[in-house]
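Asks: Sequence:
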Amino acid sequence: MWKPEHRRAASRHDLRYPSDLTDAEWALVAPLIPPARHGGRPRDVNVREVLNAIFYVLSTGCQWKALPKDLPPKSTAHYYFMLWDWDRTLEHIHHALYVAAREQAGREASPTAAIIDSQSAKAAQKGALRLIRRALTRERRSPGASATSSSIRSASC
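Going by the numbering used here, the first residue of the sequence shown is number 137, and it counts up by one from there.
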């Protein structure tokens, strides 16, 4: 149940955008950001603002080109989004913030029970990663193809 102290703790009124990181969240997430690569120019982008831009797009659902002008350029934000998605930095950030939010709410870090209905399972399967989705879905074949012709074709190869 929401109590006044919970509402104060969850309040994001003092932030520029509701999706921006608070100082406490940034302190939790900053060590998870990989350092700049060695060699070349030093990183001159504010990584916290890049993360704020990524969270803005994810929370509002807007297009990258619709980022507000006070956030980093869309190309910079999208580059870091793709890079951190590839190296799983975003997964680590999500997990750290998830655990912190559960502990702040007075719950255990990981849930002890889960309920999955058939609708959720279907939705999860459709939204799975490409490699998993490819393995789970059957290959579509033309109505004219038969099992006999495909087995003969594969046996002759």
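Don't take each hint at face value.
Cross-link-like lysine to any residue pairs, in silico, SDA-like; alpha carbons within 20 angstroms at most [stated by the list, open to error]:
no., residue 1, residue 2
1, Lys139, Tyr216
2, Lys210, Glu185
3, Lys201, His228
4, Lys205, Trp222
5, Lys210, His231
6, Lys205, Ser155
7, Lys139, Met218
8, Lys139, Arg152
9, Lys205, Asp156
10, Lys210, Ala236
11, Lys205, His174
12, Lys210, Asp221
13, Lys205, Arg184
14, Lys205, Asp223
15, Lys139, Arg238
16, Lys201, Asp156
17, Lys201, Thr212
18, Lys210, Leu157
19, Lys210, Val181
20, Lys201, Gly176
21, Lys205, Arg224
22, Lys205, Asp221
23, Lys210, Leu194
24, Lys139, Asp156
25, Lys139, Ala241
26, Lys139, His149
27, Lys205, Leu151
28, Lys205, Tyr153
29, Lys205, Arg238
30, Lys201, Met218
31, Lys201, Phe191
32, Lys210, Ser195
33, Lys201, Tyr153
34, Lys139, Tyr153
35, Lys205, Ala241
36, Lys139, Ala236
37, Lys205, Arg152
38, Lys205, Glu185
No lab work stands behind these hints: they were computed from the structure.
Asks: Taking each numbered hint in turn, which are not upheld by the structure, reported in ascending numerical order?
Replies: The structure conflicts with hints 1, 3, 4, 5, 7, 8, 10, 11, 14, 20, 21, 22, 24, 29, 34 and 35, although it agrees with all the remaining ones.
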